[in-house]
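Protein chains in written order, with this note's numbering: chain A, 61 to 170; chain B, 21 to 191.
Be aware that a few hints might be false.
To be verified - Simulated DEER-style distance windows between Cβ atoms:
{"hint": "1", "chain 1": "B", "residue 1": "Arg34", "chain 2": "A", "residue 2": "Glu80", "range": "33 to 41 Å"}
{"hint": "2", "chain 1": "A", "residue 1": "Gly116", "chain 2": "B", "residue 2": "Gly157", "range": "54 to 62 Å"}
{"hint": "3", "chain 1": "B", "residue 1": "Asp42", "chain 2": "A", "residue 2": "Arg69", "range": "19 to 27 Å"}
{"hint": "4", "chain 1": "B", "residue 1": "Arg185", "chain 2": "A", "residue 2": "Lys72", "range": "16 to 24 Å"}
Unchecked claim - Straight-line C-alpha distance at most 27 Å; calculated DSS-like pairs for lysine-lysine:
{"hint": "5", "chain 1": "B", "residue 1": "Lys180", "chain 2": "A", "residue 2": "Lys63"}
{"hint": "6", "chain 1": "A", "residue 1": "Lys72", "chain 2": "B", "residue 2": "Lys31"}
{"hint": "7", "chain 1": "B", "residue 1": "Lys41", "chain 2": "A", "residue 2": "Lys88"}
{"hint": "8", "chain 1": "A", "residue 1": "Lys72", "chain 2": "B", "residue 2": "Lys27"}
Keep in mind the hints are simulated off the structure, nothing from the lab.
Quick reminder that beta carbons are idealized off the backbone N, C-alpha and C, glycines included.
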Amino acid sequence: MKKEFDFNRIGKRMPYTTPEGFLDNLEKQVWEQVKDEVKPSKPKRNYSLWYFISGGLVAASVTLLLVFNILPGHQKPDDFEAFEQAFSNLSHADQDYLLTVYQDDLFMNQ
Amino acid sequence: MVVIAVKEPEKGFRLLMAKYKDAVYWHIRRLVVSHDDAQDATQETFVRIFRSLTQFKSECSFRSWIYRIATNEALRILNRRQDRVSLDDSPVELNSMMADEYVDYSDLEVIRLQQAILALPTKQQLAFNLRYYNEMGYDEIAAITGSTADSVKSSYHIAKEKIIRYMNLNN
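In isolation and in its complexed conformation, chain A is listed as follows (with noise of 0.2 Å):
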């Protein structure tokens, strides 16, 4: 009697052969082929991050400059001009007053 055919009976066999090693062969291959063409990417740089960190110094630089009074043009107004504006306000007897006591300071004369 004639036996029906069956693809449980093959399976997934196949005649098909290879030459031995011939798959790592073909990856060096098509790697001589690619690798030159491919390059890493580089890693994306995190501008948000940059800005925000420039940003963050020149801010602090600016308030340093301001806390200690050295931006230019914004000079401390002279002492001594100050100080004779004060002595000017003075009435003539705090003024005499004043003379005598410091007009022998060893500090204040040289």
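Use these hints to put chain B onto chain A, whose structure you have.
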């Protein structure tokens, strides 16, 4: 894998080859039969995959995309043999089991099964091979062949019937 391959090409390449080189080679080999042709088509497939990795869009699965490229390479080889191969063509004449150094002719039933498959139109061959050997679903085969799941299902069942008839006739 795509992300790794873009960031670290060599690592991605090794992963890709480790996962797909066997499967791709055998898929192509079943279609073109000759080892030399299958080797050429497999090599070209991976070169193309690697060159166009950044163009991969997740409209279909990565595996479907790879098999689609491999199928196109196999069809290109068949096309070179005869100037008219599309998925609808019958490859009866061009796909006869050619003499090849890397075919074991000792198991006649296995040889006959391959002859039966090779006698199918390319569309049915693809549906049968991808379902029977690769155990893929109809949807995935449809994504590879640019068809519909219903059409693939129909092609597979027709192919199976034809193979059984062929095998019973040539028993």
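Practice item. Could you tell me whether the CB distance from Arg185 of chain B to Lys72 of chain A stays inside 16 to 24 Å? Key: Holds, at about 21 Å.
Exercise for review: Check the following: the C-beta atoms of Asp42 of chain B and Arg69 of chain A are separated by a distance inside 19 to 27 Å.
Suggested key: Distance hint for Asp42 of chain B, Arg69 of chain A holds at roughly 24 Å.
Practice item. May I ask you to test the hint 33 to 41 Å on the CB atoms belonging to Arg34 of chain B and Glu80 of chain A? Key: 21 Å, violated
Exercise for review: Could you tell me whether the CB distance from Gly116 of chain A to Gly157 of chain B stays inside 54 to 62 Å?
Suggested key: 55 Å, holds
**Study point:** Holds or violated: Lys72 of chain A to Lys27 of chain B, with C-alpha atoms at most 27 Å apart
**Key:** 37 Å, violated
Review point. Between Lys41 of chain B and Lys88 of chain A, does the CA-CA distance stay at or below 27 Å?
Key: 12 Å, holds
Check your understanding: For the pair supplied as a hint, Lys72 of chain A and Lys31 of chain B, is the alpha-carbon distance within the 27 Å limit?
Key -> 32 Å, violated
Check your understanding: Taking only the CA atoms, is the gap from Lys180 of chain B to Lys63 of chain A under or equal to 27 Å?
Key -> 17 Å, holds
Checked against the numbered hints listed earlier, the structure breaks hints 1, 6 and 8; every other hint is satisfied.
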